[in-house]
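Protein chains: 4
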Amino acid sequence: MPIKMKAGVLGATGSVGQRFILLLSENEQFDAAVLGASSRSAGKKYQDAVVWKQTSLLPGESKDLIVQECKPEFFIGCNVIFSGLDAEYAGPIEKSFVDAGFAVVSNAKNYRRVPSVPLVVPTVNSEHLEVVVNRVKQARSQGLSKPGFEVCISNCSTAGLVVPLKPLQDKFGPIRFVAVTTMQAISGAGFSPGTPGIDILDNVVPYISGEEDKMEWEAKKILCSVNGTGDGFDLLSDDQLTVSAQCNRVAVSDGHTECVSWKFTNRDKVPSLEEVKQCLKDYSCEATELGCPSAPKHAIYVLDEPDRPQPRLDRNRDRGYAVSVGRLREDPIFDFKMTVLSHNTIIGAAGSGILIAELLAKKGVL
Amino acid sequence: MPIKMKAGVLGATGSVGQRFILLLSENEQFDAAVLGASSRSAGKKYQDAVVWKQTSLLPGESKDLIVQECKPEFFIGCNVIFSGLDAEYAGPIEKSFVDAGFAVVSNAKNYRRVPSVPLVVPTVNSEHLEVVVNRVKQARSQGLSKPGFEVCISNCSTAGLVVPLKPLQDKFGPIRFVAVTTMQAISGAGFSPGTPGIDILDNVVPYISGEEDKMEWEAKKILCSVNGTGDGFDLLSDDQLTVSAQCNRVAVSDGHTECVSWKFTNRDKVPSLEEVKQCLKDYSCEATELGCPSAPKHAIYVLDEPDRPQPRLDRNRDRGYAVSVGRLREDPIFDFKMTVLSHNTIIGAAGSGILIAELLAKKGVL
Amino acid sequence: MPIKMKAGVLGATGSVGQRFILLLSENEQFDAAVLGASSRSAGKKYQDAVVWKQTSLLPGESKDLIVQECKPEFFIGCNVIFSGLDAEYAGPIEKSFVDAGFAVVSNAKNYRRVPSVPLVVPTVNSEHLEVVVNRVKQARSQGLSKPGFEVCISNCSTAGLVVPLKPLQDKFGPIRFVAVTTMQAISGAGFSPGTPGIDILDNVVPYISGEEDKMEWEAKKILCSVNGTGDGFDLLSDDQLTVSAQCNRVAVSDGHTECVSWKFTNRDKVPSLEEVKQCLKDYSCEATELGCPSAPKHAIYVLDEPDRPQPRLDRNRDRGYAVSVGRLREDPIFDFKMTVLSHNTIIGAAGSGILIAELLAKKGVL
Amino acid sequence: MPIKMKAGVLGATGSVGQRFILLLSENEQFDAAVLGASSRSAGKKYQDAVVWKQTSLLPGESKDLIVQECKPEFFIGCNVIFSGLDAEYAGPIEKSFVDAGFAVVSNAKNYRRVPSVPLVVPTVNSEHLEVVVNRVKQARSQGLSKPGFEVCISNCSTAGLVVPLKPLQDKFGPIRFVAVTTMQAISGAGFSPGTPGIDILDNVVPYISGEEDKMEWEAKKILCSVNGTGDGFDLLSDDQLTVSAQCNRVAVSDGHTECVSWKFTNRDKVPSLEEVKQCLKDYSCEATELGCPSAPKHAIYVLDEPDRPQPRLDRNRDRGYAVSVGRLREDPIFDFKMTVLSHNTIIGAAGSGILIAELLAKKGVL
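Chains as they are written, first to last, in full-length UniProt numbering: chain A, 1 to 366; chain B, 1 to 366; chain C, 1 to 366; chain D, 1 to 366.
To be clear, the hints were calculated from the coordinates, so they are not data collected in a lab. Among these hints, one or two may not hold up.
Where chains are identical, the list cannot tell them apart; a pair therefore holds if satisfied intra-copy or between any two copies.
What the hints assert, rightly or not - Straight-line Cα separation of at most 25 Å, SDA-like style, residue types lysine to any residue; simulated pairs: (1) Lys297 <-> Ser25; (2) Lys45 <-> Val302; (3) Lys53 <-> Arg308; (4) Lys45 <-> Ser25; (5) Lys146 <-> Ser41; (6) Lys53 <-> Ser209.
As the structure is a prediction and not an experimental result, all values here were calculated from the model.
Just chain A, same shape as in the assembly:
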């Protein structure tokens, strides 16, 4: 067995951090080598610092690790840093790691809109990683030490949306309009305190702060192209892609369900329903092609049963890295509509982070 790369986890006691640690415990490429959290937790054994809330047990190899403060000097030797930090703290901490030369893969929203930072759903736009690959190669060619860089994981509800849109855009040309209504799981809201039970039992909360704006904006970055000079992105304009999102919280533990309608830009060659379905079935992403250990067998599963996908039944396909698409049908206003299900803490958060790191390793920049 080859020696594993070392990973650091920032925000290790939070909900995203816990998920990173759980996924790393099953990962064949990375080890959770250093765990960082607030100064309140630093110095304690991880098992004493964390209130473990995952449905699998705390991995034995992480139990006794001593939690460190989130400072670069404690993470020396880590090939990659996964950040599950809250947005409140992520900004300066992640910057300090990038400045110290680390490769940071972050679930926080802070740097997603920075032009030079790739915003990546790894089964969708792994080609965006070329921007940081170019930067590293350029430094190497100049004999400079490897520069630090940041890659951002997308918002969880955005991830579910763009996975099926990508192959459609690739095959049938740009998508002009997307209307999406989400029914999102409570695990996306974290633990402290997360969604109160009284708000979610026998209820729907038709609002998630900031979420709709994230979906409407991030989709335009994820679905765009790397620019000509290879150091940034040709962000789609509102005239190229308009997304309208309505976000709701429902009584589901894991798995975001999204009802999506869309219309293609090219009106003279709108594909048939069968062509759309086939396109989704045929899709294979770069992470799968390259053989990344966490890559799903299929990035997309197209379900033909009339009442699928359902979170309880479909969220764990390919360990949560696959997205399920069902109820594909024509739409009387747009071109088509469908229901998309994605695992919000895997492909929508920590899992994407790990698959991004596996891609970065394949591309030789870790």
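Please arrange chains B, C and D on chain A, whose structure you already have, making use of the hints.
Okay, now just chains B, C and D, sitting in the frame of chain A:
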């Protein structure tokens, strides 16, 4: 206290029938005088025939009523017949009552699309009742005995949708496009067996058989005008109003939440967000104006809090006869979007039936 | 209509305080006249200070009341003070009100175990109020001004337990052993943050901090007698009554379900199952006898259906002031077992407070 | 890899049958070779006959198997028959398989109380299998063909109860009294229709037909000894062990939580709390010792956190074959109390069946 009118209830042991009986027990205009059910239940006391599943107790005055078969001869003397029959049985039974001269207000879908039958949400299109009023008056003027007639209650998810659309259409002209995604309560699925627990716990079911088609079609009848001769309706065409619906079942006991986007037909005078909001706030329906006992104080409540309406908190406004509208905002694809909450078994089913009957009484045809 | 008495509410923005205000808005004897909360809320209109989480709307008459700090000088003229304060703050604040001569009815646990303070479930041991009545009468007879006093509401899960035990003890003599396992609603955990959604969805939490000890201790005070001098209580010893409690949180919004087994002390005349059932059916409490406005018609409902009581169907009997008992049967270890359902925020909290105040008014000490 | 044994599954389309097929798909000893169901399903491919409701996908190797009628002639060559049949059908069908010489491991209740049939929780009383082992060996020694036999899986809630009681009884002598209150998952109720959503959302159902009687009786067979002649069991009498059960259904998908109090028979040497805890921690069952592939690493996990075990967090320990025990403490009426969590469809149903078969294979009688 004036003497109450007598009401018969068909399908009295089912979920809609139970709700009719509960609402009638609190109604000042109608008494549940005759209860009809299948021959299996006929002859038993109601309390022995029913598996009562309401959150209020079985009303004392109905407990000992002997259940009758659903045949007109057992309902003589009833001013109105409320039908909570399953569609499987409703067709011939309701016809036999209409043929026998009864006024039938039905929750079943069987006659909703018959051109001469009004399909009514009582806080929306009570003017459609004129078609049956005209028929009765004509018979009277000809010295004929009062003819039977049928009025249909709309589908529950359609009811929530059309309530806010009606005042908008009245004030700002026709609506061209409506996209709606629903999150529907399980009480709408009835009891036998209804939605299984294992399908709804920690889950969303993205499909309700026939529901999307009902929403897309019924809205065009409810929002149309009575025809020139007063004996039918000028159904809206697909070119006048296009509705696209996506229907989901969620873990909510009562209350359908709907995310709605819409676009007006008239592009030269699209109202502002404030005008839309004011229009909804100002709306007062005929049932309220006429002083129908069950009419809501306001057919629509506009909520300004960012995270409302919510089923658990808002479904019982004005005893479930009011619809709550929140999250009104501009839509980057359509004109506006909003979240609508309606009580599916009150304004979406039995409650509408009773308010329709109160309107028919006011209009002098019971 | 007679003029209402004035009530003050301490902790008015919290979950218990909100319930007090809701119940007072429907009460014919008391008005919510002064609302007290933390200094952070003081000075604001109530509707601006509160995050209202009740399923009925914020009562109109309370919306614009200016929130006061919890100091006696702001509550002058109030006949009674209802305290919904957190235990963290209740101690000195309630003491300052008692010292200032107010009648305080508190939901906090702080003074429950003080020997001279009655711990009352109003449909169970209203005779314990004699201790404060005696104190007031004595002061009056001595020409002194009316002294302040405190009455404590019991813990919510204790309330459900003792209601059926009281008539059994009255009729068949002391109860020696009680084993109880609870399945408690999340509304009992308050709002900030209360039970997190992720802890309660598809889950049971087999622990509620301090709850089992409260049940095991409080039952011995509530079920005891006033002492010979009328100024305190002959607390039951562990040898007289032993309670063993196991407390769980389940996914229910309102309503505590408790599985109870018990054994009588007197072994020579253990009643039959029918006698036990009849005793519970026959029970009528003093609050009902005196005609207190909030008193239930029956303090106990005995249900014969095999699968009742259920929280969703039975919690609102007599507006939540009645307790439902079902599944009465012999127990092979104890004498009998049963399932008891009580509304935890009505008879288990704020509702009991209001009914206690109505009893105090009837007894002439407000 | 050794050749797997062939397993037949009766009732393959039902909820227990589905779980058998899922577990067999991951089992290294048995293959699901023949699938039996009703004549309505017979002749179809399994994937067309079943409404698959498991959270893992239908195993590929079972999809295209042609469903057979439940007749022995279609199962020739199977080493073991797993029955997930409903009690309504299980009686004569299972008998026909035993008569035809098959080893039948059944989840149905029909033969559990037959004196010669072992009722087995495989991590508890695997020694009861000696009764059928003896029968087979005797036949062999007489040169007779291998006789068919039946082994019954216990009721799901009984399984959770007896696992921790067994080591306590082994070490500290007989247990005299057990009081247990259950909070049971809905997956135990099957699919058709199972527990209706409206009964379980925001609710507790304090009744499961027949369940309490099963717990009170089955525990006395499972915890008893094989008789002196090795062909049956010395069932415990009511005077030796008295169990009082109160069973409830709660809103949990998988995992039964049980609050258990118990008292030992021997009063002169009652163990300490620490001794009880250590005894549970030290327990290792025969299935683990023998290296059965499905055996848990530990039959019992003792949790020290005050709020554990919880179904969502602990039900999958050792793939659902382990039972979790928490909240161990002294009981003021009995000796001790604890909370026990077991996976009702694994150790409480199909999983136990498979582990029983693995034990039978180790003992040489398949």
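Consistency of the hints with the structure:
1. Lys297 <-> Ser25: both (20 Å within a copy, 19 Å between copies)
2. Lys45 <-> Val302: between (44 Å within a copy, 21 Å between copies)
3. Lys53 <-> Arg308: between (28 Å within a copy, 11 Å between copies)
4. Lys45 <-> Ser25: within (17 Å within a copy, 39 Å between copies)
5. Lys146 <-> Ser41: neither (31 Å within a copy, 54 Å between copies)
6. Lys53 <-> Ser209: both (23 Å within a copy, 19 Å between copies)
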